[in-house]
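Asks: Sequence:
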Amino acid sequence: MKELYRLIPYLKRYKKKLILGLIVVTIANLCATYVPRLVGTTIDMIVDGNYDMNKILLNILYILLLTAFSGYFMFLTRRMIIVASREIEYDLRKDLLNSIQSQSMNFFHKNPTGNLMAHATNDIPAAREFLGPAIMYSANTVTTFTFALYFMLTLNPEITMIGLIPLPFIAYATYLVGKKIHIAFKDVQSKFAELTTQAQESISGVRVIRAYTREFYEYTRFAAMSKEYLFKNLRLARIEAIFMPLLMVLVGLSHIAVLAYGGNLVIDGRASLGDLTQFFIYLELLVWPVAAIGWVTNLIQRGAASSARLGKLLEEIPEIADNSETDNSINKIEGEVEFDSINYKYPSTENIVLDDISFRISKGNTLGIVGSVGTGKSTIINLLLRLFETNSGAIKIDGHNLKSIPIDLLRKHISVVPQEPFLFSETIKGNISFGNPAATMEEIIAVAEKCKLHEEVLTFQNGYDTMLGERGITLSGGQKQRVSIARAMITNPSILILDDSLSAVDSATESFVLGNLKEFMKDRTTIIISHRISTVMNADNIILLDKGKIAESGNHEQLVTLNGKYANIFRLQQLAKEIEEL
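Numbered per the working numbering, the sequence shown finishes at 582, counting up by one with no gaps.
Keep in mind the hints are simulated off the structure, nothing from the lab. Errors might be hidden in some of the hints.
Here are the simulated lysine-lysine pairs, DSS-like style, with alpha carbons at most 27 Å apart [to be verified]:
| # | residue 1 | residue 2 |
| --- | --- | --- |
| 1 | LYS396 | LYS412 |
| 2 | LYS179 | LYS232 |
| 3 | LYS549 | LYS363 |
| 4 | LYS179 | LYS191 |
| 5 | LYS227 | LYS180 |
| 6 | LYS518 | LYS363 |
| 7 | LYS15 | LYS312 |
| 8 | LYS522 | LYS452 |
| 9 | LYS518 | LYS332 |
| 10 | LYS429 | LYS412 |
| 11 | LYS412 | LYS450 |
| 12 | LYS577 | LYS452 |
| 13 | LYS518 | LYS412 |
| 14 | LYS450 | LYS429 |
| 15 | LYS332 | LYS396 |
| 16 | LYS396 | LYS363 |
| 17 | LYS345 | LYS565 |
The calculated label-pair distances, taken between Cβ atoms and stated as ranges, are [as the list claims (entries may be wrong)]:
| # | residue 1 | residue 2 | range |
| --- | --- | --- | --- |
| 18 | ASP408 | ARG238 | 46 to 56 Å |
| 19 | SER507 | PRO125 | 45 to 55 Å |
| 20 | GLU201 | TYR72 | 46 to 56 Å |
| 21 | THR349 | SER102 | 18 to 28 Å |
| 22 | GLU201 | PRO125 | 20 to 30 Å |
From the three backbone atoms N, C-alpha and C, an ideal C-beta is built for every residue, glycine too.
All chains should be built: construct the whole structure from the sequences, respecting the hints.
Replies: And the structure:
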């Protein structure tokens with residue numbers, strides 16, 4: 001159970017509530033376990049025939065008061081312990097998301113989205129059930145059993161020992177079945193993560209699935225995985241189903257033993273009817289705590305499995321983070337960028353993505369990067385944002401080594417417009433102002449107009465307040481890209497990066513947006529990645545990447561004059577444009 005130690009820091013945050021809850025449950029069970037003593041005394045008074053009605057009524061009043069107090073204190077117990085567990089659940093969700101967001105991109109390559117979703121939707125509730133119900137019912141079981149055992153021993157030790165004979169068997173059964181539950185639950189959790197990943201991929205890739213008429217294939221694949229998940233759940237359910245009946249049988253044996261032995265004592269005059277009645281009530285009081293041992297064991301086993309999985313994530317040390325090399329005195333970025341002999345290959349492959357890449361961009365200048373797919377264009381951007389670390393060489397901004405610049409400051413001053421923009425299930429206004437929530441409506445409209453987006457937004461019924469579907473499905477590909485460009489512009493970055501961000505718009509719209517961007521990019525460092533020469537031809541410097549190396553560099557005129565690969569690509573694109581215009 002060492003996995004549960006990971007949750008101790010969370011318990012400490014709410015220790016006052018939890019301690020008070022344990023005190024209150026103790027008082028509640030003291031009240032509850034004293035009631036049988038009053039019931040037995042009252043019965044004996046009635047059986048003897050020599051009784052005082054006032055005393056009987058007074059006992060009945062005490063029974064009612066103690067029962068009411070017990071119920072009220074149990075209510076307070078739930079208010080304290082269960083509420084504390086909900087607050088811990090909230091803290092766990094925040095910490096989990098914070099941990100995930102702080103990780104490098106390599107982390108996401110190793111951990112599928114479905115697995116991460118399973119932690120949030122399955123593991124955190126399981127941990128919460130340990131921190132709340134398991135702790136509460138454990139305390140309830142211990143205190144009820146302790147008080148009941150005390151009153152039973154003071155009443156008649158012989159009947160007590162007879163009634164408690166099945167308890168060791170209950171403890172052993174709990175151990176055996178609980179162990180099997182733990183193993184089965186881990187299998188269920190693992191399969192659930194796989195199922196979540198498959199569901200997420202099927203939903204995200206619905207367009208591709210329909211385009212290739214693979215709906216039935218995906219359905220059968222998901223159905224087969226669901227069936228495996230069902231079998232594992234049924235196995236777990238079968239194990240759990242054995243638990244409660246077994247416990248109830250063992251508890252029932254206690255009743256039979258007490259009735260047989262205690263009945264003889266009553267007949268012999270060595271015990272009263274009130275004493276025997278008390279024992280039956282105490283055994284009834286013990287039925288739920290003893291039966292709860294199995295349920296609580298189940299919760300603890302699940303909590304341990306989930307805590308272990310959560311702990312790995314919460315304790316995951318980000319590969320890329322501010323450290324002793326970070327210079328916190330750096331408080332602004334002007335925009336001068338330098339790559340010096342950069343080499344990089346992704347951890348999952350031996351293929352070199354970037355090989356001895358060196359270039360420099362002065363503040364306010366524009367660098368164009370062209371090259372075929374897989375030549376490392378986007379990797380350059382990922383390294384500049386420190387989403388990955390270089391294998392060798394150095395990247396500098398304003399003369400500072402990239403590793404010395406605080407990560408938040410770095411990313412705050414760089415805006416990236418990816419080829420496949422990610423839009424949130426938010427309004428158009430909310431998506432544009434995502435990087436600058438304080439932006440006014442006038443500023444939002446201004447950047448939308450520069451992206452030739454304003455007039456199109458007005459055609460929607462709710463204009464800028466139009467809610468977009470998941471990943472912006474409401475918009476066309478070109479509209480998504482222009483919303484993404486507007487989002488980058490409104491943050492007023494020192495460095496603007498356009499990663500093939502106009503690939504889904506027509507030539508006329510591209511020319512219009514680039515014309516407006518030219519003014520916006522004045523005095524800003526800009527990096528434009530594109531497969532279209534027309535997009536980068538006005539850049540101050542252009543590099544052509546080929547197999548991870550800089551094959552050619554210079555401005556447009558110089559590269560065309562060089563009559564190399566760049567010039568060949570330019571001529572082919574010009575020819576394609578002329579054919580298109582025919």
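Asks: Could you check the structure against the hints above and give me the numbers of any it violates, in ascending order?
Replies: none
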